[in-house]
Amino acid sequence: MNAAFMSRSSNSDKGPWDIRIEKEVDIVAVRQLVRDLTKAHRFDQFAIAALTTAASELSRNVWVHAKGGSARILLLENGKTVGLELQFADQGPGIADLNRALAGGYSTANSLGLGLSGTKRLVDEFHIDTAPGRGTRIVIRKWKKDF
Amino acid sequence: MASGPIPILKLGSILLATIQVDLHDTVVDAFQHDVLEEIEKTGSSGLIVDISALESVDSYVARMLANTAKMAKLMGSETVIVGMRPAVAATLVRMGYLMSGITTALSLQEGLEFLSNNQNGAVSD
Amino acid sequence: MEHGFRPDYMKILKLDEEECRRRLDFFEITEEDAQRLVSLRSFAEQWTQEITEGLYELIMRHPDSRIFFPDDATLARVKRMQNAYFLKLFSGSYGMDYVRDRLLVGAAHERIGMPPKLYLGAYRRYLALIHEKLRDHFKSDKAESVKALASIRKLIFFDMAIAIDTYIAAYLETMTRHQAAIRELSTPVIKVYDRVLLLPIVGTVDTQRAHQIMETVLVQVVDQQAKVMILDIAGVPVVDTKVADHILQTTAAVQLLGAQTILTGISASVARTVVQLGVEIKRVHTRSKLSEGIELALSIVGKKITAVAPRKDEV
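Residue numbers (our numbering), protein chains in the order written: chain A, 1 to 147; chain B, 1 to 125; chain C, 1 to 315.
Hint data in this document are derived by calculation from the structure and do not stem from the laboratory.
Keep in mind that the hints are not guaranteed to be accurate.
Ranges between beta-carbon positions, derived for each pair [as the list claims (entries may be wrong)]:
| hint | chain 1 | residue 1 | chain 2 | residue 2 | range |
| --- | --- | --- | --- | --- | --- |
| 1 | A | Arg-20 | C | Val-279 | 43 to 49 angstroms |
| 2 | B | Gly-12 | C | Ser-288 | 43 to 49 angstroms |
| 3 | C | Thr-204 | A | Lys-145 | 15 to 21 angstroms |
| 4 | C | Ser-288 | B | Lys-73 | 53 to 59 angstroms |
Chain B residues, not near chain A, derived (Cβ > 12 angstroms throughout) [claimed, not checked]:
| hint | residue |
| --- | --- |
| 5 | Ser-13 |
| 6 | Ala-17 |
| 7 | Gly-76 |
| 8 | Glu-113 |
Examples of chain B residues toward chain A, derived with CB under 7 angstroms [to be verified]:
| hint | residue |
| --- | --- |
| 9 | His-24 |
| 10 | Asp-25 |
| 11 | Asp-29 |
| 12 | Leu-36 |
| 13 | Glu-37 |
| 14 | Lys-41 |
| 15 | Gly-43 |
| 16 | Ser-56 |
| 17 | Ser-59 |
| 18 | Tyr-60 |
| 19 | Ala-87 |
| 20 | Ala-90 |
| 21 | Thr-91 |
Only a predicted model underlies this, so the values are computations on that prediction, with no experimental measurement involved.
C-beta atoms are modelled at their ideal positions from N, C-alpha and C, and glycine is treated no differently.
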């Protein structure tokens with residue numbers, strides 16, 4: 001574990017960790033923290049890439065569409081294995097047509113893409129709460145494979 | 001040679017850029033600027049972008065790579081992305097980003113092979 | 001009440017709001033039934049103990065079922081739980097909370113190892129006892145008695161379905177754990193030649209296995225710097241859209257790395273199915289026989305198989 005990771009952790013190494021997303025470089029901070037945590041808890045390379053990428057996509061959405069918001073990372077334990085939960089919240093414009101966004105209807109080829117359907121496929125659980133004018137709140141979870 | 005943190009080396013008529021840092025706006029802008037400046041300066045016909053140090057590639061980076069290749073192409077240079085990690089390929093495919101239009105190769109050597117075949121007029125892919 | 005790890009049956013059985021509503025609909029449990037049952041609440045409270053006693057009289061009479069209740073304390077506790085169970089039938093509310101509660105009951109029986117035959121036999125007895133008491137309760141009003149029994153029967157069958165589901169879910173959960181171990185051993189990537197790899201896929205390919213196959217293949221392709229990856233699917237029993245999708249995801253990922261893929265072992269029926277399903281196979285070489293795939297792979301790396309010249313002493 002590197003020094004940067006240790007300094008970011010709260011009282012213990014159990015989290016939760018909160019990061020404000022206000023500048024573009026904050027996306028990198030979220031990504032790095034997720035990467036450090038998944039590595040520290042020995043997720044396999046595919047899970048590390050999946051969570052890191054998902055964190056990156058969702059933080060970027062917060063920054064691009066809502067011009068700012070927050071990320072919260074929690075370490076989960078369910079008796080069988082460990083997992084990571086990432087929460088992203090913003091007071092942005094919200095998503096008008098959620099079904100279309102989740103079905104991949106929003107173009108991901110241009111900078112207005114949300115990449116939600118793609119991100120959903122990278123994680124075990126994906127919950128979203130959004131509406132125009134109400135901001136957006138996304139929670140994702142991925143568990144470490146035990147076998 | 002490069003103004004940003006991504007080094008660009010000249011290998012004969014080919015440019016080799018090795019990405020080893022976390023990518024975000026200023027880094028990306030500097031990178032694209034440097035690449036195009038080098039192509040212009042050296043007249044190189046091929047660009048190899050080594051991403052073997054990247055453990056994850058999100059849509060932003062995927063788009064950046066695709067755009068860089070397009071920019072280089074406009075200036076007469078073919079681009080090959082080399083060194084993609086298994087986890088990166090898996091994540092991109094699972095997200096649905098097939099990166100069509102981008103040429104990839106397993107290693108620097110294969111990338112160079114592809115570029116030289118290309119320059120000889122051989123049909124690629 | 002949670003001690004140790006319990007599988008999430010609601011999740012395994014996909015019992016969400018939608019599914020619960022569909023079940024209530026199929027069992028024809030209506031608002032009318034709910035109201036009727038609520039109005040019978042006092043009947044339930046009056047007779048639950050006697051009905052429970054009648055049920056356990058059967059259970060304790062038979063050695064097969066008796067062994068699950070070895071001591072008085074256990075018996076007393078389950079009788080209390082049985083009363084609570086009975087009263088809940090008359091709660092009038094049969095949504096997700098009700099289902100979750102019934103799942104726990106079924107799970108408890110599965111956990112102690114009570115076989116379905118005993119569980120269902122007990123339910124039969126239970127229904128008979130309730131019928132008897134209802135008849136007595138409604139004495140003269142036969143019509144009302146029939147209606148009340150009908151409502152209770154709907155709910156009892158609804159509960160039985162959930163109970164059976166927990167047994168199935170428990171078996172599924174065990175199988176999944178075993179399968180996970182087997183999966184680890186079932187992705188042997190073979191090096192056919194320098195930079196040519198082969199993976200014969202044998203057996204069914206579900207989502208989890210497909211993920212594991214993709215990951216193993218990708219790691220091997222990079223480790224071995226393979227130019228060609230051959231995937232032989234002759235051993236996959238069923239190739240439907242989902243399986244085809246999984247396999248093509250893997251080939252797409254291999255191509256993303258910069259290697260080529262060859263799909264072999266494509267039988268006539270698979271070829272027919274794939275085209276009829278409208279699955280597009282792009283940029284992937286395909287052959288019906290593995291040997292043809294190997295020949296193609298070798299040609300891609302600049303090699304070929306030729307006959308050996310006869311030895312001088314063989315002339």
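Next on the checklist: Of the numbered hints stated earlier in the document, which are not met by this structure?
Outcome noted: Numbers 4, 11, 12, 13, 14, 15 - these are the hints that the structure violates, sorted from lowest upward.
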